[in-house]
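**Student:** Using the hints, put the two standalone chains together into the complex.
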Amino acid sequence: MTARAARLILALAAARLFVEPAAAGEIPSSERRSGYEFMSRETRAMQDDDTGNPGTLWMLDGEALWKRKAGTADRACSDCHGDARESMKAVAARYPAFDPALRRPVNLEQRINACRVGRQKAPGLAYESKDLLALTAYVARQSRGLPINITIDARTRPFLEAGREAFFRRQGQLNLACAQCHDDHWSGKLAGSPITQAHPTGYPLYRLEWQGLGSLERRLRGCLTGVRAESYPYGAPELVNLELYLMWRANGMRMETPAVRP
Amino acid sequence: MARAVVTVPAQAKRGEIVEIKTLAAHAMETGFRRTQLGELVPRDIIRRFTCTYNGVEVYRVDLHPAVAANPLIAFTTTATETGTLSFQWVGDNGYSVTEIAAIRVE
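Those protein sequences? They're chains A and B, same order as listed. Going by my numbering, the letters in the first sequence line up with residues 248 to 509, in that order. Going by my numbering, the letters in the second sequence line up with residues 2 to 107, in that order.
The following block holds chain B by itself, in its conformation from the complex (with noise of 0.2 Å):
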């Protein structure tokens, strides 16, 4: 099962600065690890994760194989107006998972 789970924040007023934070369900696996029989298991991590605001992209971070396993990633973002939040995570072997959130903005 890929899940991810984000927490945004229902209602914020405008110009309010929002805390935001995700966590996606994944192994992390390094590539460096080998099995007891000596053989390398294959490097399978989370590339890129980003976050769009109505279509704008407001967060990016790139994931290096030292990143730990179901990784957490906060952030603050400025609430401007009332939309939709949408996260994406795109990794190796073909992962990619998409959540979106709704925020509405008084």
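Next comes chain A alone, as it looks inside the complex (with noise of 0.2 Å):
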């Protein structure tokens, strides 16, 4: 076989990847795995010690804001809430959530944000600011090494399907759909970086790439930046679904919060 013929078979290979229908779909629970695990051993080192963990930082604010008061109530979130490590412990894990006002799920951050509001009475966090993702890493926090529990039910179930459906759908320039990187080629590279399964097992997180802590809502948004989709602002009904299909799929897996990635 000559040289230009293996060249074009490989072009072939390579673009069948991305033709072919979305194989089989979703991963069987015994071959699924965290983003850890595809990590080298000095950034699993980093994510395992937490006077070496940035993200420690980021926990350590949000304890003090936990007992610091704020708004017209001049309440703190201890003040309802007491010690976060018993009352928030496992709470992570089981969201995003339904919220019977607003009859559909939120995530952590709108949770909190509806808290210092509606509670506290105070300006609601800008996403992705400093404080929002301190207290939201430190409410985390308390579930690490806890089990993802979303528990899905009548209400629950619309919004489950429509991440489901959008985390399937090809979208974007590069007309991709979340699954065909994510579930179909998880053991493949995509510019030298492993491809992983998509589990959002440790945020809000620690990136080096970002050089601080994001949420799952900035990762995702990165993501459809990358496949040239228009991406929705934070807080989108559509990317609270996503989070919610998203971690129904790792349900079982142990959350590593404030998880460390490259």
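Source of the hints: derived by calculation from the structure; they are not laboratory data. All the given hints hold, so there is nothing to weed out.
Far from chain A, some chain B residues (derived; all Cβ distances over 12 Å):
1) Glu17
2) Phe33
3) Leu64
4) Val91
Have a look at the derived ranges for each label pair, beta carbon to beta carbon:
5) A:Asp295 with B:Lys14: 22 to 28 Å
6) A:Pro484 with B:Ala28: 30 to 36 Å
7) A:Ala401 with B:Leu41: 54 to 60 Å
8) A:His328 with B:Ala75: 34 to 40 Å
9) A:Lys336 with B:Asp45: 34 to 40 Å
10) B:Asp63 with A:Glu278: 45 to 51 Å
11) B:Arg61 with A:Ala320: 46 to 52 Å
12) A:Gly469 with B:Ala28: 17 to 23 Å
13) A:Asp346 with B:Arg48: 43 to 49 Å
14) B:Thr99 with A:Pro405: 50 to 56 Å
15) B:Thr99 with A:Arg402: 48 to 54 Å
16) B:Gln37 with A:Leu437: 21 to 27 Å
17) A:Lys314 with B:Lys22: 22 to 28 Å
18) A:Leu437 with B:Arg48: 35 to 41 Å
Only some residues are given here: those of chain A computed to face chain B with a beta carbon under 8 Å:
19) Pro301
20) Thr303
21) Leu307
Remember, predicted model here, so these are calculated numbers, not experimental data. The C-beta atom is built at its ideal place from N, Cα and C for all residues, glycine as well.
**Tutor:** Structure representation (structure tokens):
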């Protein structure tokens, strides 16, 4: 076989990857892996060691904010919820959760802001602001090591299905669905980086590329930009539906917040 | 919030080599980046880190624009006597943070 023919076959094989319809689809639970398992030894060590994990800086800020009085109600989170290590245990593992007032699921950031506006009578914190990330990280830290536990009932099922539909829908100028990379090619590489299975086990997490802490929505918006799709604004129901689907898909996997990712 | 975290063993044997880890919250803005409008983002970095052990300097680092955000500085020193370790980070725009940790040497 000539070199030219070999190149042609390779090119065809590469093109097939993204032209063929998505294969069987969802990853069997025995093969599910956290993004942690795709990382280098050094990055794993950074996550595992609290004294070297930069997420610790946000956690400590979050702990201070938890106890600080805010708003015209002059109340701190701890005035109602007490010690977060007890009251917030396993809470992040079940978010996004259904909000009866809004009649749709809300993520942890939105839940914290609802408490700030509704109970503390304080202005809501901006998405991706240092304070909101710090509080979210502090609350989610209380679930570290605990299994993700999303329960779906009649109220949340339509939102889960909407999220699933978005995951399998081709979008953007590259015409790619999330599932084509994260379900079908998770053992492969993209531009030298491992393609992971997209299990959101450690958010908010410290991403070395970001040089800071970021939320799952920031990651999703980055992925949408990557496939040249127009991304949704922070807090959009479409993003929350996708978060709900991804967390449900990772049910039973251990929370790692604050995780470190390359 | 200017924040730094130091990890020092609470006690050590005399002559033992102890590991010290420090983590400082800092953006380490290089001064080479531009905004979307093309304006240069001014440099804002930590310039110097020093550690003194009972008043004697045992470790010092000069930092430069290529250092990542939230720098982790880990080093070792010999536990000589009971006392305090003092850590100081000094940088652009008047940034200055001091942390103190006690160590008991037997």
